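Okay, here's what each chain looks like letter by letter:
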Amino acid sequence: MTTPSQKIRAKVIGVSGNMVSIEVPEGALVQNEVAYVHCGDEHLKSEVIKIRGNTANLQVFEDTRGIAPGQDVELTGELLSCELGPGLLGMIYDGLQNPLRLLDNRQGFFLKRGQYLPAIDQAKKWKFTPTAKPGDIVRAGSFLGSVQERHFPHQIMTPLGLIGTATVELVRPEGEYSVRDEIAVLKDEAGKKTTVTMSQPWPVKKAMKAYAERLYPEEMMVSGVRIIDTFFPVGRGGVACVPGPFGAGKTVLQHILSKYAQVDIVIVVACGERAGEVVELIDEFPHLTDPKTGGSLMDRTIIICNTSSMPVAARDASVYTGVTLAEYYRQMGRDVLLLADSTSRWAQAMREMSGRLEEIPGEEAFPAYLESRVANFYERAGFVQLHSGDKGAVTIVGAVSPAGGNFEEPVTQATLKVVSAFHGLSRKRSDERRFPAIDPLDSWSLYLKQLEASLNSRLDPKWVEMVTFCTSTLRKSAEIGRMMTVVGEEGVSLDDLVVYLKGEMLDAVYLQQNAFDDVDQATPIDRQVKDFKLVYRALFAPFSFKIKSDARRFFARLQDAFYQKNYTREGSAEHKGYLETIEKLLVEGSAA
Amino acid sequence: MIKAYNHITNIIGDIAELDAQGVAFGELAQITNTNGETSLAQVIKIDRERVSLQVFAGAKGLSNGAKVRFLGHPMQVPFTADLLGRVFNGSGKPLDGKPALFDAPVIEIAGPSVNPVRRIVPRNFIETRIPMIDVFNPLVESQKLPIFSQAGEPYNELLARVGLQAKADIIILGGIGLKFDEYVFFKHAFERGGVMDRTIMFVHTAADPVVERLLVPDLALAVAEQFGIEGKRVLVLLTDLTAFADALKEISVAMEQVPSNLGYPGSLYSDLASRYEKAVDFEGAGSITILAVTTMPGGDVTHPVPDNTGYITEGQYYLAGGVINPFGSLSRLKQLVVGKVTRSDHGSVMNSMIRLYAKALETKKKIAMGFEKTADDERYLKYADLFMQRFMDLRVDIPLEQALDLGWKTMAECFSPEEVGIKKADLDKHWPKKD
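If you're matching them up, the sequences are chains V and R in order.
Note that my numbering numbers the first sequence so that position 333 is 333, with each residue one more than the last.
Start counting at 1 in the second sequence, then tack on 592, and there's your number in my numbering.
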């Protein structure tokens, strides 16, 4: 913290939209430092984004009405930071890590500007259990002890920005402490002593790298969505993007992931989207069960909510706040999933600021640095080994909202360059109500190859081979389908019709999934393996029929049995019944 | 402190620039032209001494010798129950010949956004008596929905009808770039419908200055918000937001901002979203529902205005060929009310009727391509005709339950119960019995 005497005073000299120009009579300016514009009684948080001589441009994270030349500006010298410590889980923050529920208690319906509260409860006492002892040599992110945060032991770490090593001078004994209390004292290499508390700040735009090494993803992150896990898997610690036109189901898909993904912690960043979407999560999550711990889903979730009507500069901050919180939990060896919806709104925020700075525009007026910013963001994902030997992961799934649903636009293209899985939603599939509308022919995942050994050993020795076979059947089926629209069913051979029907069946009973059905909305991986192998057998089977109408009738029955099975719980009598029907039909079709 | 100046330095488009001191961003000024005409203006940029003003009445005929008086506050609108039944223009002046509301308390327009944790999940169905809306894509209280349409379509008729039939406590119409005839149409429709005493109109006609166009949604929504806080269920009708976006384009080009798509400013998404996001269901108070017309230039849904709108809103009604198209239309909030607030068979009727209609259209296409017509095909063709007549025709005016019954009747006239793909419980209860 800086003391008031260190604060540098500057004056406002200009305003344009959410950009304010200031002049500093004397003293240093720091790029990206936080400043407060004193507009009457309101102190408006801002960030220095351009320095030119003794003037600078600030982006103000609030409405700029009422700002006038001559008003005071306080420069803090500190970069825009998050507060990290126990008490983050279950919170709902705005893009600047303001706790929205607490603001609500103080302000009522509306978000008044210039109101900032500590991100984590400063008074709450946590039961601290030390693990380090005096004399230990520690480095950045070493564990000093832990407190129990909801269902997880929350590691209390040495400063994540610590350079080199330090010696533990003192660790407090087991007991109740608040996040502001001294928990340990460290002596660094130069002999300087620092006090460690349970919370620490971290500049959001800087990647947190207090780990031993970054590893190649080893296994997949199970999402519960069949088309993703089986056909286009996402590696644990990997990156995927979900672009799609409006109404194609991006948000529903992200909600499904936020509920059923097999990870320790989920961070949802609602960036420039509808408030209503977040309200649904807030309303629903406390009543849903976390598949991993059995606790409430809210216990493993942090929501960062910068809705479309909030000031755009804070939208830019929200994605960084989200990824910083994700990295923090990774430092404890946790498996974290970050869902960003939508990165296009973030890119638009960059575009707005760039326009006000009068920078030379790139394609569609996006700034030239769009690609590098997008790449830097996604590269903060990763599977890492900590100095303690534990492993942690940050997986990022970013939604993209391409203008006009056209994937050629700059944000989608910049994103595609850096992700390893692409789940493209198509308007055609959503119009046909084939949900999730991930296009099985356009989408891809590099993880299917990259994780081949792991998938084959964990799921089935021939897993990737089976998936590849099914994909090729889908392609053939789609081609035959196209042909049939021109020449009619009469124009294709019986064999081709069977391939077509097989592809359609795979789509209907495996790729499509009902997000609003209690059973079908998420399929655990063990069930996916069984279901997939069964549908694979149907696809691989050399069915033979005498006439086309026999084939159609047969597949209608088979498809219905598979379909009904999806809606029944494993182990139930109905489920068994459908499995028997399928087995019978598989025999019948081959014998015919 | 009121500051007055006698000299304007530059006039570019509708923007006047002058050197002034102690002026705040967003502040209002009153400009008195040398011929005595007055207009409000708003500070949109300050660069040291140089202040840029957006002149609401437009800068046509403005002299650089005009007087500029800064008022010390941003744009405001009077708020009182006396607003009901009144008509105002884009800068808040009465258009109905009645006196201005000088003594009324004022509220600021374009206020802060609602704290998301203070919103509640929408749960009230709004009946419009239009089956294509009520049955297939029901409107939910606090929803924001655009009507995607194009020139020549009866979108204003549809908007007026929803306004009349939706049973809101207060109706606020924001007319943006309206033709004079359209303005008169709305006024007559509301008077004839007997709702004028709970209606407020903010009207900008195409002949009015373009800057005033930008203010209409903000005026309408600020008033709506205040009524909402007071516990009223407010329905805001806006037409046409493409004209609003075009005004944004015009102003931003005059401001020499770098355009993004088709000349629209890069902030188009945020500009539209900050208006649409005013739709809300306040915990423990009233609500704001927004229905807005977005005309699609050339019928192109990928045009920047409908495209950005589609990402912001909770679905859309697609009005083409004089009917609401069931496939392009979507109410994202329907699952919150269908079968929960409405009758339990609503979901089954909604899904099956659309699926059958999709199949009927395929059949039509097939026959048009010269394939043979089977007995099955005949039944689908009959269904398509009945569906058009009984549901899609915009003249149909029936309550939801009656529409659901008509749905069962229509399906039964064309199909057997096994063909419609409805779960047995609903079939047993609702499938019409043969006499």
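Think of the hints as simulated: they come from the structure by calculation, not from any bench.
Every value quoted in this text rests on a predicted model; they were computed, and no experiment measured them.
A few of these clues could be false.
Partial pick of chain R residues on the chain V-facing surface, computed with a CB cut under 7 Å [said to hold, decoys possible]:
id : residue
1  : Ala616
2  : Val709
3  : Glu774
4  : Gly858
5  : Ser862
6  : Ala865
7  : Gly902
Virtual Cβ for every residue (Gly too), placed ideally from N, Cα, C.
Structure-based check of each hint:
no.	hint	result
1	Ala616	holds, 4 Å
2	Val709	holds, 5 Å
3	Glu774	violated, 28 Å
4	Gly858	holds, 4 Å
5	Ser862	holds, 6 Å
6	Ala865	holds, 3 Å
7	Gly902	holds, 4 Å
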